[in-house]
Amino acid sequence: MLILNCPCCGVTAEETEFHAGGEAHLKRFGPDSSKEDFENYMFMRQNPKGVHLERWRHNNGCGKWFHAARCTMTLEVFGTYSAQTYEPPKEICDLISAKRPGWSWGAFS
Amino acid sequence: MKRYSAFAIAREATRYHSGWERAWRAPEPKTKYDAIIIGAGGHGLATAYYLGKNFGITNVAIIEKGWLGGGNTGRNTTIIRSNYLQDPSAAIYEKSRSLYETMSQDLNYNVMFSPRGVIMLAQTHHEVRGYQRTAHANALQGVPTEWINPQRVKELCPIINLEGPRYPVLGGLWQARGGTARHDAVAWGYARACSDMGMDVIQQCEVTNIRREGGKVVGVDTTKGAIDCDKLGIVVAGHSGDLANMAGFRLPLESVALQALVSEPIKPAMDVVIMANTVHGYLSQSDKGEMVIGGGTDGYNNYTQRGSFHHVEETVRALNETFPMLSRLKMLRQWGGIVDVTGDRSPILSKTPVDGVFINCGWGTGGFKAIPGSGWAMAELMAKGHSPLTDEFGMERFIEGRFIDESVAAGVAH
Ligand SMILES: Cc1cc2nc3c(=O)[nH]c(=O)nc-3n(C[C@H](O)[C@H](O)[C@H](O)COP(=O)(O)OP(=O)(O)OC[C@H]3O[C@@H](n4cnc5c(N)ncnc54)[C@H](O)[C@@H]3O)c2cc1C
Ligand SMILES: [Zn+2]
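Protein chains in written order, with the working numbering: chain C, 2 to 110; chain E, 1443 to 1856.
Each hint should be verified, as a subset may be incorrect.
To spell it out: a stretch of chain E is covered by chain C in this simulated footprint if at least three of its residues, at any positions, have a beta carbon under 8 Å from a beta carbon of chain C; those stretches are [said to hold, decoys possible]:
| # | region |
| --- | --- |
| 1 | 1695 to 1705 |
| 2 | 1746 to 1754 |
Once the Cα atoms are required to be at most 20 Å apart in a straight line, the calculated SDA-like pairs of lysine to any residue come out as [claimed, not checked]:
| # | chain 1 | residue 1 | chain 2 | residue 2 |
| --- | --- | --- | --- | --- |
| 3 | C | Lys28 | E | Phe1691 |
| 4 | C | Lys36 | E | Glu1842 |
| 5 | E | Lys1658 | E | Gly1827 |
| 6 | C | Lys50 | E | Gly1508 |
| 7 | C | Lys50 | E | Thr1665 |
| 8 | C | Lys50 | E | Gln1747 |
| 9 | E | Lys1793 | C | Phe44 |
Hints were generated in silico from the structure; no laboratory data involved. The C-beta atom is built at its ideal place from N, Cα and C for all residues, glycine as well.
Use the sequences and the hints to build the structure in full.
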């Protein structure tokens, strides 16, 4: 059972209040983009063993979307942050790096 | 290999069962193989078996980081059926189901295949239409299935409650030749047969890197040292993304936990398999008498082989309405496996951007039933470069938009 903090309304609750929304920071591609870009956006996922940046919705609460940094190997939640950003903020990266030395965002090839 | 037979049992009975030999060898890796298969789950072992049996390629190693069959193959609820919607699916799943019918004889190993019949319940009008459509598609594909009314469902499964207020039973899709098999035995039977052909099943050996030269695979690094190969099959289910990363490409799938649980054993109460996709629950009774229950996947990416408790609770709560007798049962064990789910809920059997590397993954929540068919097809793909059974399942289908959409027929499905 995950425990998450919603950065939109400040509530900390069990995962049953939330709904997982998959990988965060996907770059969206529209009609005129290349096939590869569109495939990447639609289907390709990092699916990492380890740190995963992901979207969640506070379904049974304020209803808003936010982002979380979580480890898929231990289920540890490093922190949550606003969805209004293209990349994880420095505080979150620092929290993750403290626990997972050497980690860096976008290191996945 | 000494064959198993009634005669062998009689012989051993006269000498305190001292003559049974080990079912497979425990070899150390050689420096080089013609083909390496990563992952000794059902699909990896079946691939190796058919490489040997159908193509005479026996200089093969199957490398497993844990114990053979310890992944999803030993964790699933063993439902076998082939009533899918799309033609490419029907072809490979029906091939697979038919191979299950003779598997015990082929492998000389009792896999306890039990074609007891599978009902997929329709509990919403949407499902009624969906399954009637599937029944028609199956008729065209030559896969015998039948749309049945609620009374027939009740005849086949007397413990069911048709008049649930939330989830009434409106009918079902019946595949009389579907059923279950003993999951461990499937892995063990293939491992024994592979070992007998001279293949090396290497357990407790994790692949940590895939070595390439000039866009072609040359070998793997493992916790037991480097091993060279000409061809490599990646058959690791939930860990496919990790292995693909080692080989330098990405996959259109995500790994999530899927859970199952069993009750205390009771007397025979149900001799068919029931799937209730609206409530994400499915049910069968094992030979030991346990009610075997599976649910839907957890929502988030996960590699821990355990899921969240509330999913189990939701599954059981919903099934209780349709099977009131379940509410009196104690649940004994609960566990999870990591399943690899693709965007169209169909598997990937494919060449990859790396020459000599083939991948078989994406079976997600429903690949136990596919083990023999998938191994058959994957072996052909690896030996000949293509197979009529895998042609449609290449990973390029996502870029080309040629999906094999089974999200209706497969749904939660198993
Ligand atoms: C709870 C549950 C219920 C299910 N119910 C059904 C059902 O009723 N019917 C059905 O048809 N299907 C069902 N499935 C799905 C089915 O179990 C899988 O699709 C199938 O078993 C996959 O087999 P596999 O051989 O591909 O994978 P696995 O059996 O998972 O084997 C993959 C192997 O690869 C190994 N591996 C991973 N990484 C490495 C590495 N780096 N080096 C070496 N080895 C590695 C793993 O240890 C593992 O043993 C269910 C799954 C679950 C979890
Ligand atoms: Zn909130």
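| request: Please write out, lowest number first, the hints stated earlier that are contradicted by the structure. | output: none
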